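Visitor: Chain residues, written in single-letter form:
There are 2 protein chains.
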Amino acid sequence: MITVLTGGTGGAKFVDGLRQIIPPDELTIIVNTGDDLKWWGLSVSPDIDSILYVLADLLSNERGWGFKGDTFLCLQTMAQYGESDWFKVGDRDLAMHILRSKLIAEGKTLAEATDVVTKKLGITARVLPMSNDKVETRIQTPAGELGFEEYFVKRRYQDEVLSVRFAGAEAARPAPGVLDAILTADAVVLAPSNPVTSIGPILAIADIRQALRETSAQVISVSPIVGDAAVSGPAAKLMTSQGLPVSIEGIAKAYEDFLDALVVDVTDAERGTRLARPELRVHSTNILMRSAEDKVNLAGEVLTQVTARAESNHR
Amino acid sequence: MITVLTGGTGGAKFVDGLRQIIPPDELTIIVNTGDDLKWWGLSVSPDIDSILYVLADLLSNERGWGFKGDTFLCLQTMAQYGESDWFKVGDRDLAMHILRSKLIAEGKTLAEATDVVTKKLGITARVLPMSNDKVETRIQTPAGELGFEEYFVKRRYQDEVLSVRFAGAEAARPAPGVLDAILTADAVVLAPSNPVTSIGPILAIADIRQALRETSAQVISVSPIVGDAAVSGPAAKLMTSQGLPVSIEGIAKAYEDFLDALVVDVTDAERGTRLARPELRVHSTNILMRSAEDKVNLAGEVLTQVTARAESNHR
Chain Z
0 MITVLTGGTG
10 GAKFVDGLRQ
20 IIPPDELTII
30 VNTGDDLKWW
40 GLSVSPDIDS
50 ILYVLADLLS
60 NERGWGFKGD
70 TFLCLQTMAQ
80 YGESDWFKVG
90 DRDLAMHILR
100 SKLIAEGKTL
110 AEATDVVTKK
120 LGITARVLPM
130 SNDKVETRIQ
140 TPAGELGFEE
150 YFVKRRYQDE
160 VLSVRFAGAE
170 AARPAPGVLD
180 AILTADAVVL
190 APSNPVTSIG
200 PILAIADIRQ
210 ALRETSAQVI
220 SVSPIVGDAA
230 VSGPAAKLMT
240 SQGLPVSIEG
250 IAKAYEDFLD
260 ALVVDVTDAE
270 RGTRLARPEL
280 RVHSTNILMR
290 SAEDKVNLAG
300 EVLTQVTARA
310 ESNHR
Chain G
0 MITVLTGGTG
10 GAKFVDGLRQ
20 IIPPDELTII
30 VNTGDDLKWW
40 GLSVSPDIDS
50 ILYVLADLLS
60 NERGWGFKGD
70 TFLCLQTMAQ
80 YGESDWFKVG
90 DRDLAMHILR
100 SKLIAEGKTL
110 AEATDVVTKK
120 LGITARVLPM
130 SNDKVETRIQ
140 TPAGELGFEE
150 YFVKRRYQDE
160 VLSVRFAGAE
170 AARPAPGVLD
180 AILTADAVVL
190 APSNPVTSIG
200 PILAIADIRQ
210 ALRETSAQVI
220 SVSPIVGDAA
230 VSGPAAKLMT
240 SQGLPVSIEG
250 IAKAYEDFLD
260 ALVVDVTDAE
270 RGTRLARPEL
280 RVHSTNILMR
290 SAEDKVNLAG
300 EVLTQVTARA
310 ESNHR
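If you read the sequences in order, they're chains Z and G.
Position 277 (the first sequence) corresponds to 276 in numbering that gives the first Met the number 0; numbering is contiguous.
Position 247 (the second sequence) corresponds to 246 in numbering that gives the first Met the number 0; numbering is contiguous.
Derived from the structure by calculation, the hints contain no laboratory data.
None of these values were measured; they are calculated from a predicted model.
Hints are supplied without guarantee of correctness; some may be wrong.
Any copy will do: because identical chains look the same in the list, a pair fits if it lies in one copy or spans two.
Mimicking DSS-like on lysine-lysine, the simulated pairs with C-alpha atoms at most 30 Å apart in a straight line are [as the list claims (entries may be wrong)]:
1. LYS119 x LYS87
2. LYS252 x LYS87
3. LYS252 x LYS107
4. LYS37 x LYS119
5. LYS67 x LYS133
6. LYS118 x LYS153
7. LYS37 x LYS133
8. LYS153 x LYS236
9. LYS107 x LYS37
10. LYS133 x LYS236
11. LYS37 x LYS87
12. LYS252 x LYS37
13. LYS133 x LYS119
14. LYS236 x LYS119
15. LYS107 x LYS118
16. LYS133 x LYS252
17. LYS67 x LYS252
18. LYS67 x LYS107
19. LYS236 x LYS252
20. LYS107 x LYS236
21. LYS252 x LYS119
22. LYS119 x LYS107
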């Protein structure tokens with residue numbers, strides 16, 4: 000059993016590889032909900048959607064988000080009505096938001112709604128929101144405090160980041176099944192997602208972070224950083240705002256209280272980047288997922304680390 | 000000032016003609032909301048939408064309902080998720096339902112939400128729902144009681160109609176402005192809409208029917224019946240269920256307590272159909288709206304009846 004913690008596009012790409020080499024019923028995905036927003040009054044969970052679409056083979060590979068081959072006529076019409084249109088909801092994608100909103104209005108939790116949709120899509124992997132409680136990633140900038148999607152999509156992550164907070168995280172409880180999935184897995188994999196705003200909100204729920212410290216499962220992170228830059232998105236800026244070096248060292252530091260193994264890019268291994276924790280096992284491979292083959296290969300490399308631990312336990 | 004009572008597709012066509020010959024700010028449209036429904040959790044007002052689209056020149060002329068040139072990808076996707084798809088919501092049309100639902104969720108009444116949308120569409124005519132209170136047209140059939148759209152769209156009005164009721168009508172109050180628009184108009188025109196389920200729900204609100212009896216404005220109905228058949232839709236079956244003859248006599252009877260003039264088709268005049276109320280002024284013209292020109296001509300013919308009354312008052 001493999002449990003994956005994920006957010007954003009890097010995580011979705013990684014899960015795309017993983018689903019092709021692991022039987023889906025052996026896979027549990029715990030998803031960041033810090034980006035969730037009300038959009039036109041509808042309940043939108045961008046990271047859950049990316050994972051659902053990738054597992055159902057519906058994700059647009061061109062865009063890395065949203066429904067493949069989607070059109071945007073409703074969005075255009077909303078814009079004509081003077082409504083906001085910076086969050087790009089496609090016509091097919093809308094079905095997900097409408098359905099989720101309906102299920103939640105009927106009294107279902109986010110986890111229950113996600114479970115219903117997962118089954119409707121024929122997905123046999125388990126997809127869990129990190130929490131049924133509202134946790135909002137808030138980005139402090141010189142222009143004021145912004146919701147994550149506002150910072151990321153509307154303002155194209157150009158603002159200086161002063162700090163980041165996860166509003167509601169202190170009171171939030173893990174969704175049912177989350178702790179168990181961490182405590183009973185063979186391995187827990189932190190997808191190559193932004194450690195601050197994709198994995199960070201999940202870890203901001205104290206019981207989840209504690210479960211990662213306590214689990215006997217191997218905890219493996221795939222670095223979203225190569226050299227001194229993020230593979231994509233605003234991770235570098237966000238890490239700097241948290242006092243983390245933008246390097247694999249920063250990733251190791253972000254997860255220092257529970258990480259067993261770190262999968263880094265071959266170029267970082269060649270550079271001989273040193274990590275402060277010598278007990279951390281480091282495995283290097285090509286972590287850039289440019290092609291479908293890259294995704295499957297990276298997933299395979301990560302699984303060798305699970306096997307490696309299992310074998311070393313047997314010795 | 001002209002006030003129109005309307006529902007359905009025939010009413011929308013008639014308003015399409017009227018808007019082209021009357022300055023829109025002299026036009027108030029009171030719209031049936033008995034067909035309103037929750038669809039996928041969204042607040043849908045089919046008759047209001049038809050009127051808004053026709054006034055904004057956005058109505059699909061091919062279909063007679065919905066947004067012109069619309070696509071149906073969200074609907075297809077909802078069907079793939081196992082959700083109902085018999086009510087044909089287009090992708091552009093969805094914007095209206097999402098926006099209305101959002102406004103209502105924010106605490107606006109249906110009339111206030113309609114006013115907001117009307118202004119966003121650049122419409123200067125006044126569009127009023129008959130009521131802010133929920134009034135539901137319910138059709139009793141051998142298969143059970145059905146909502147109007149379920150009877151009309153999903154089951155293609157094939158069920159035998161045992162009776163019709165307007166749930167909520169007794170307690171419903173007219174929306175703000177409705178009574179005033181009837182009492183102060185130069186003329187009140189009942190569009191060529193089904194007298195039972197399009198105009199009927201409006202008249203089921205006692206204060207509205209009373210205002211029609213009291214107003215000094217001329218009250219004119221355009222017949223939706225030619226000979227012994229409805230121009231379109233289930234009006235004949237529904238009239239029969241109410242004990243009304245399917246003829247212009249039935250229309251005269253349905254409105255007998257307030258009607259001043261009835262505009263009928265030339266073929267009914269040629270047939271010499273007699274009406275029981277000799278004081279009712281009857282004007283005949285081509286009431287079939289097959290072309291854009293027909294719509295404008297019919298609107299013009301109806302307006303001559305307003306003028307005729309005004310002139311006879313002066314004598």
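Visitor: Failing hints, ascending?
Guide: Violated hints: 2, 3, 12, 14, 17, 20, 21; rest satisfied.
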